[in-house]
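Q: Here are the chains, one letter per residue:
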Amino acid sequence: MSGPDPRESPAGNDTGATEPFNELRSILLAPEQERLRQLQERLDDPRHRAEDLSGVLPEAIAIRARRDDRLLVSMRPVVSEAMRDSMRRDPKSFADALFPALGSAIRKAIAATLGEMVQSLNQVIENTFSVRGLKWRLEAMRTGRPFAEIVLLRSLVYRVEQVFLVHRETGLLLQHVESGAAAAKDADMASAMLTAIRDFARDTFDAGTEDSLNSLNIGDLTVWIEQGPHAIVAAVIRGTAPLSFKDVLRETVERIHLEQLEPLDDFQGDATPFEASRPALESCLVAQYAVPEQEASPVLKIATATLALVIVIALAMWAYAAWTWRGAVAALKSEPGIVVTEAERNWFGANLVEGLRDPLSKDPREILALHGYGSADVRLDLQPFASSDAGIVTKRAREVLQAPDAVEFAFDNGALSASGTAPSPWIARAREFAPFVAGVRSYADERLLDTTAAAIKAEAERLRAVRIPFALGSAELVPEAAEVARSGAGILSALDTIARDAGGTLRIRIVGQADASGTDATNARISRLRAEAIALAVNTAQFRNLEFDLQGLGATPESDRTVTFQVDESSLSPRKANQ
Amino acid sequence: MIQKKICMLGSFAVGKTSLVARFVHSIYRDQYLTTVGVKIDKKQVRVGDNDVTLILWDLHGEDEFQKIRSAYLRGSSGFLFVADGTRRSTFDKIHELQENAVSAVGDVPFVVLVNKSDLKPEWDVDAEALGAATDRGWTVLETSARTGEGVEDAFLAIAESMLRR
Ligand SMILES: Nc1nc2c(ncn2[C@@H]2O[C@H](COP(=O)(O)OP(=O)(O)OP(=O)(O)O)[C@@H](O)[C@H]2O)c(=O)[nH]1
Ligand SMILES: [Mg+2]
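Keeping their order, the protein sequence lines are chains H and Y. All letters in the first sequence, in the order written, are residues 167 to 745 by our numbering. All letters in the second sequence, in the order written, are residues 9 to 173 by our numbering.
In case anyone wonders, no lab produced these hints; they're calculated from the structure. Errors might be hidden in some of the hints.
[As the list claims (entries may be wrong)] Which residues of chain H face chain Y? A partial, calculated answer using Cβ under 7 Å:
(1) Leu237
(2) Asp256
(3) Glu335
(4) Thr336
(5) Met359
(6) Leu427
(7) Glu428
(8) Asp431
(9) Asp432
(10) Pro570
(11) Glu574
(12) Asp578
(13) Ala581
Note that the Cβ used here is the ideal one computed from N, Cα and C, for glycine as well.
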């Protein structure tokens, strides 16, 4: 073991005598010395101290607060300063925290205001349609005051339920009267509280002694206070009292002061003398009820009934007018070829309809007339346009193509189709011009029957049966032949008419035949002569729309001595312009 | 019928409201609800041959922030100054309260109540302090709103001294 460390034993340099003592001390007390050193360190280190204190702080505060209010007193300035400071720094958080409380207070105030408004509105509405209301209206007109004011004035209902006479200085109750309806509880406490409230109000709002609270509201009760030098009179009112009631209160206060100045002046808590003020107070217990519904005079009744009737009729007329106008506009809108862009009903002056109209559409005036609107009632501003409505396009096609009545048109999405019957020249013309009709993109006529062709066919059939007989070797008309030729001529006449109607000419062949006897040359000649004879007999020249071919066939296999007709059905051709 | 206005004055939480509640309604609550502004109660007592209605103005406790409004004191015929026996400061405060009361309404009867006598072992107001107050001519009574001890007597005492006037 080496000698003791001089740093640990500063006394080592002193004298030789302390040396062994120090050594002994360090041997004996080394652990304690170490702990002392640690304690010292802990006390010196602020971090440690704070840690230690934090462990006992809550208990310490609780103990001290129980003992006395020193802690409270010493903390109060710090806390208030801290609050002020943080309020300054972050007012929003405080506003947020206060908001729920303030919000409900504000809501309550607003609700109260609205309540009053609704109340008076209700009264106004309630009275607008009654006989009484009518009277008030007349009164409003007569006096030039607003109706609402008259209503409020006239339907005012209020009742003074209690009246307190309160000693002004002590707040003690001197006298109290109540109307039969109201049962007062603890009038003396109410009187004291009223005084306390007034004291509070005056103090809080820094008003002078003479300005004091003179009205307060509790639910649907109002307290009106009139103040005298020694006493105040407070009236509890249900409903809305007229302002003139304030005068009644003022007079009462004055009267009581006049009559009872002495007892008021030296009031010591004995209210007995104020029994005498009861009559004065009771005179304040007034009430006003709504005017009961009076039996109206017959004149007024009739006037009201008439007015009601006029209103009902006016309303009915108004509704009917609106309804017919809607119907008229709807009819215009649903009419093909009419587009309504704007329809306006005017109370004064003509109604107005704006939009578009296809010239082929139905006359809008007619439609309006059906709904009871004359031409002066409605101003029409309809611009022309080409409608592609099916009804209008077919109408337009009929007009442009000059279609015969027997032709039917159908139109769907640009495709025009014709059906029914028509003469062939019209059919040809329609094919040519239909695509130029506005709105038409394609044209089909396979369902259209060609009447000309059909008529020609029928007549041709009849004509084929006409066979004019001749005697052997002769081209002379026998009486019987003349007869047959006449019937042939009749059919030719019909064909001539058809050709004329179709505006064209039709080729007819007159065919003569011979029998097998005789030479070919003879037969050829005689058959030709027979055809000529018939041509003469039917007088071909009279048929201006028929062209005739005469043919001698000579001897034919049938070996008939006849003349027949053949219609060249496909020959109908438009007459040349120069013809 | 005679009525008298009495104000209860004292620091906060000394038991003013509790004393009134005990006296008027015979109830007591441990819960502390501080009074805001004024609470008014009344009780009829009989003093000798007279019935007296006491109108009790229980005011909020006084502290640095809330001085009693002197308007509330006006017209008061008597005062009950209340201290909390476990808090010496509330007892010392009565001097000041009394002076204020005098300057507001003049010299009217009053009684000093040292409340919470049920906590006597924890009391901070010693016999010496009580003796000094009595020497000044004050009537000092010990009460407990909790047990009811001395409460009735306290209100009767102030009623009597008011009527003696
Ligand atoms: N132990 C005990 N506690 C009491 C007594 N009287 C009141 N307290 C309690 O003390 C606390 C304060 O009582 P309050 O009557 O509200 O005191 P206060 O004087 O009206 O207080 P402020 O209205 O705030 O001025 C409550 O918790 C009471 O329960 C008493 O006699 N004994
Ligand atoms: Mg209280």
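Q: Indicate, hint by hint, whether the structure satisfies it.
A: Against the structure, the hints come out as follows:
Taken as an interface hint, H/Leu237 does not check out: its beta carbon lies about 12 Å from the nearest beta carbon of chain Y, beyond 7 Å. The interface hint given for H/Asp256 is violated, since its Cβ lies 23 Å from the closest Cβ of chain Y, which is over the 7 Å cut-off. Given the 7 Å rule on beta carbons, the hint for H/Glu335 holds: about 4 Å separates it from the nearest Cβ of chain Y. The beta carbon of H/Thr336 comes within 3 Å of a beta carbon in chain Y, closer than 7 Å, and the hint placing it at the interface holds.
A hinted interface residue such as H/Met359 counts as satisfied when its beta carbon comes closer than 7 Å to some beta carbon of chain Y; here the least separation is about 5 Å, so the hint holds. Residue-level restraint check for H/Leu427 is violated (minimum Cβ-Cβ distance to chain Y is 18 Å; threshold 7 Å). With 7 Å as the threshold, the beta carbon of H/Glu428 stays out of range of chain Y, its nearest partner Cβ sitting at about 18 Å, so the hint is violated. A least Cβ separation of about 14 Å between H/Asp431 and chain Y goes past the 7 Å threshold, and the interface hint is therefore violated.
Interface hint status for H/Asp432: violated, as the beta-carbon distance to the closest one in chain Y is roughly 13 Å, over 7 Å. With a least beta-carbon distance of about 107 Å to chain Y, the hint placing H/Pro570 at the interface is violated under the 7 Å criterion. Annotation: interface hint on H/Glu574 violated; nearest CB of chain Y at approximately 99 Å, more than 7 Å. Interface hint status for H/Asp578: violated, as the beta-carbon distance to the closest one in chain Y is roughly 89 Å, over 7 Å.
Interface restraint check: H/Ala581 against chain Y, minimum CB-CB distance 93 Å, threshold 7 Å, status violated.
Violated hints for the displayed structure, listed by number in ascending order: 1, 2, 6, 7, 8, 9, 10, 11, 12, 13.
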